[in-house]
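**Q** Residue strings, one per chain:
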Amino acid sequence: MAKQRCAVIGVGQTKYQSTRGDVSMAGLVREAALRALADAGLEWSDIDAVVIGKAPDFFEGVMTPEIILAEALGAAGKPVLRVHTAGSVGGSTAIVASSLIESGVHRRVLALGFEKQSESNAMWALSLPQAFQTSINAGAGGYFSPIIRRYMAMSGAPELVGCVVAFKDRQHALKNPYAHLHQPELTFEEVVESPMLWDPIRYSETCPSSDGACAIVLADERAAADALNPVAWVDATAMRSEANNFGGRNMVNPAASSLCAQDLYAKAGITNPREEIDVAEIYVPFSWYEPMWLESLGFAERGQGWRLVEDGVTRLGGDLPVNPSGGVLSSNPIGASGMVRFAEAALQVRGMAGEHQVVGARRALGHAYGGGAQYFAMWIVSAGD
Amino acid sequence: MADDTVLRGHVTLEYPFTRSTGPVVGAFLTGLREGVIVGIRRADGSVLVPPCEYDPETAEPLTEIVEVADTGVVTSWCWNGAPRERQPFTSPYAWALITLDGAATPMLHAVRVDSPAAMQTGMRVRAKWRAEREGHISDIECFVPEDAS
Amino acid sequence: MTDIAIVAYAARQQAEVEENELEMIAPLIEQVRSETGLGPDDIDFTCSGSSDFLAGAAFSFVLTLDATRPVPPIVESHVEMDGAWALYEAWVKLQIGEAKTALVYGYGKSSPGSLRDVLATQLDPYTVAPLWPDAFGIAGLQARLMLDAGDVTERDLAEVAARSLADAADNPNAVRAGAHSIDELLAEPYLHDPLRAHDCPARADGGAAVILAADDVARRVCERPAWIRAIDHRMDVHHFGVRDPRRARSAELAAQAVGVTSDKVDVAELDAPFSHQEPLLVRALGLDAANTRINPSGGSLTGHVMMAAGLVRLGEAATRVHRGDADRAVAHATSGPWLQQNLVAVLEGD
Amino acid sequence: MTAPLDPVAPPITLPPSLRDVEPVQRVRTPFRLDYEVSAGRSMAAYLRAMKEKRILGERCPVTGQVFVPPRGVTPTSGLVTTELVELPDRGYVESFCVTRVPIPGRDDLQLPYVSAWIVLDGASVGFLGLVADIPPEEVRLGLRVQAVWRPDDELGETADNIKYWAPTGEPDVEITSYEYVGQPGEAP
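Protein chains in written order, with our numbering: chain A, 651 to 1035; chain B, 18 to 166; chain C, 1419 to 1768; chain D, 143 to 330.
Honestly, the hints are just simulated from the structure, not real lab data.
Computed from a predicted model, the values in this text were never measured in an experiment.
Where a beta carbon is used, it is the ideal one built from N, C-alpha and C, also for glycine.
Careful, some of the hints might be misleading.
[What the hints assert, rightly or not] Partial selection, computed: residues in chain D whose CB lies under 8 Å from chain B:
1) P149
2) A151
3) R170
4) R174
5) D176
6) L189
Isolated chain A, as found in the complex:
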């Protein structure tokens, strides 16, 4: 059987916030899944299989929580897969689901990512005690700060570029009803003056810790023809992983990232991403990763990504809006964060992004990464013909 075409026919998200105290884990995933089904115009019985992604099970203290979520996701009697590829998991989960369609195995698949971080707390779950040594790295910020420092030294970027990104994404979030951080009063000066946590990373340049879930319904060509709303075609997907540490590793622009992007563009027939991609949802948990990934993804030359930020190219209304949803900097339910990028890319080309819609978006990039910038998942989605 030849490779089947795959489309996004439904997207559902929960409101992201620090504590969703009104719902159980089941209630949380249910909310995103129901909204995705409604968008797709489908019933539970229409779904052939469910693919669930989330980051470490320690966040909720439940081993393999998909086991207890079967009822909530209408999964009784159906195939269920559980993906975990660190921070990139939301993207990987969407890709695994799309491969179930592309292979012809299933016709309609529900992909869902979630995290209920408020059950514990992120600092605990990301800095668990280890044997043989005490930890000296404080969470993800402690890990990524030295890499950002290298990028700053290498590129000579002005010191406040990270603040520009953070302010932009918080402004974008105001146009997204699902976003966690809604800070209408926030000024650029407040971003700059916010305390350094992991120097050179300020508090305002980091992502929040959120509860939330995101769901995507994927379908084959025949099922997509019956979709309730416009669909987004999955033109290409790509994944790459590399080791955490080895001599000659490019920490700023990991080979796994740049090769993943090259593979993705080749599959999608894209030769000039800057010209051919209208909007990008990129996984940016710390502000400086926007210019870094812009370079890695081929939108800018080495050491030049910060210029796109400074020139306002990545703002809504700019030539290449990046994270019009507000991005990971405005909402971060870790296990869902990657899927939110993929889902938001699909909403853009479906013309369904609401207030943060990029006018005329035809082709969009969804991107996620995880581990020590080791795991990459990306897709290109486009509007129908």
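The hints should help you fit chains B, C and D onto chain A, whose structure is shown.
**A** Here is chains B, C and D on its own, set in the frame of chain A:
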């Protein structure tokens, strides 16, 4: 390598998880705090205990919370002769599936008797409530034979 | 459908492995590579299965990635499931037609933590897990229901154990083996009435690695590929009250989907960690026990690696096809309490 | 289509006994699991050497790269290590973070503190450590540092034996590429 014996290090992963329950699981726990056991009614009228938020077969939401008795029948049991840390008792007891009067399906809890000889499928049991209750499954200390003092 | 086969398999099971997970899995990957002559650059896709809760660390699979030689970067994914489901994900990727070969591995160490307690965290976290019911107690409830209903007798369970232990004598990876009479086993005291020690899984540290290859590549690297004729997996509901523990409905559905009963099954490798689960699965899969060799490896009862036991069953079944001992074999994997989630595959030789 | 934030869950109905009481909305479920983790062969040798104030790395059998701490398999080969090598307790700061937030279990760390990737002389990769005896604002890329060990009677089989890394006073290493891990001048 000079010394080839195993080297081990200890790790304790510990966290005081506090979970948000949502309304359905919350109702069950509220009931326990109040000294009553509740379940939820399915479309066919049968009652699930503990209540499930979504119908296991149709995935439709379930909404009607109903009270059941705190007495019922043991439908299966397994003797726990060597209880582990954090389990309900330090001395031997039985794990049991108990279908409460008014419920269609069993729930899991501990039954306290002296020996496996005192356990039998089909035996009647009743909940032994704690005096201090907070809305937790262990508000029921255990189940005991219905005729026990 | 593209023809895809298991072309190589390596595994290790041991009561306690002193190496760390990375050191434990790397030689198995090396073994399947050298058997097939496929080096790291010849592998198109890699997928693994493992659990953070077993390792006692978050993102634990990141550390074992190094065993794949991920320099330069590889196309790779991971499931927080038994490696059997990693194999399923790889099989799907190969079905698309863009990849021809896949490396699959699964691993777990049960010795560092207390697996029986760890598995309690898999249960309903609001109303069940806070009692910390251990995995043997939960399985015992299922066994009692089957005994009370007359599905099995204690003698049947002892027969399963005696056969498994005898078969395990030929399996260097078994952690428990030996010749025992049924009466001898029945004379043993209960561990968790109605379960005796030999009714419960022999926990092991270890892992398994498998290489999948499509069409002509499979024929080139393997003398007698074990073709995956069909593979399917299903989930059951979790709520203890709703499921009939005497049946594994999800296993029945998966078995029907792959057509287990459409032809004679020479060998079946079933992931039945407890003795009573073997007859339950034989029935669920529709196997004819009189004409099918069940668990010739000794099965999970004589060596059970959490997160790899299912992949081990796939590998053991494939090995019998590779050797020509079987023309048609069935392999099964499971996850969750009372066989909640099940995967079934049919493997065939040419 | 439904409005974005419309509720999706229908309301539930309660029996009389639960209608006028404060509903339970949260449940405490304390969690604790204990593990005895095996270090593995290379790591065990490394930790035992640490007790003697020696630092062991491992050499990749394919590329010759030296990894520290050793984990038993090198990512550049995928093979189990056979050769351990002793490394000096000196190197340079490849990059660093000035941390101003407390971390769980490290109440002993005074804020702010500097954690750094230190490339030991002869190693191919950075090694995580604390840098002290220098004001945080003076720590820089390329700074040469040396290990400060705990007193002999406090040494154990742990990486914590190195209390921190202190400046040696040598001239800074000239960094030719900020992007690549390892010894300066050896970037690809």
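**Q** Would you mind marking each hint as holding or not holding in the structure?
**A** Taking the hints in turn, this is what the structure says about them:
no.	hint	result
1	P149	violated (11 Å)
2	A151	holds (6 Å)
3	R170	holds (5 Å)
4	R174	holds (4 Å)
5	D176	holds (5 Å)
6	L189	holds (6 Å)
Going through the hint list in order, the structure does not satisfy hint 1, though it satisfies all others.
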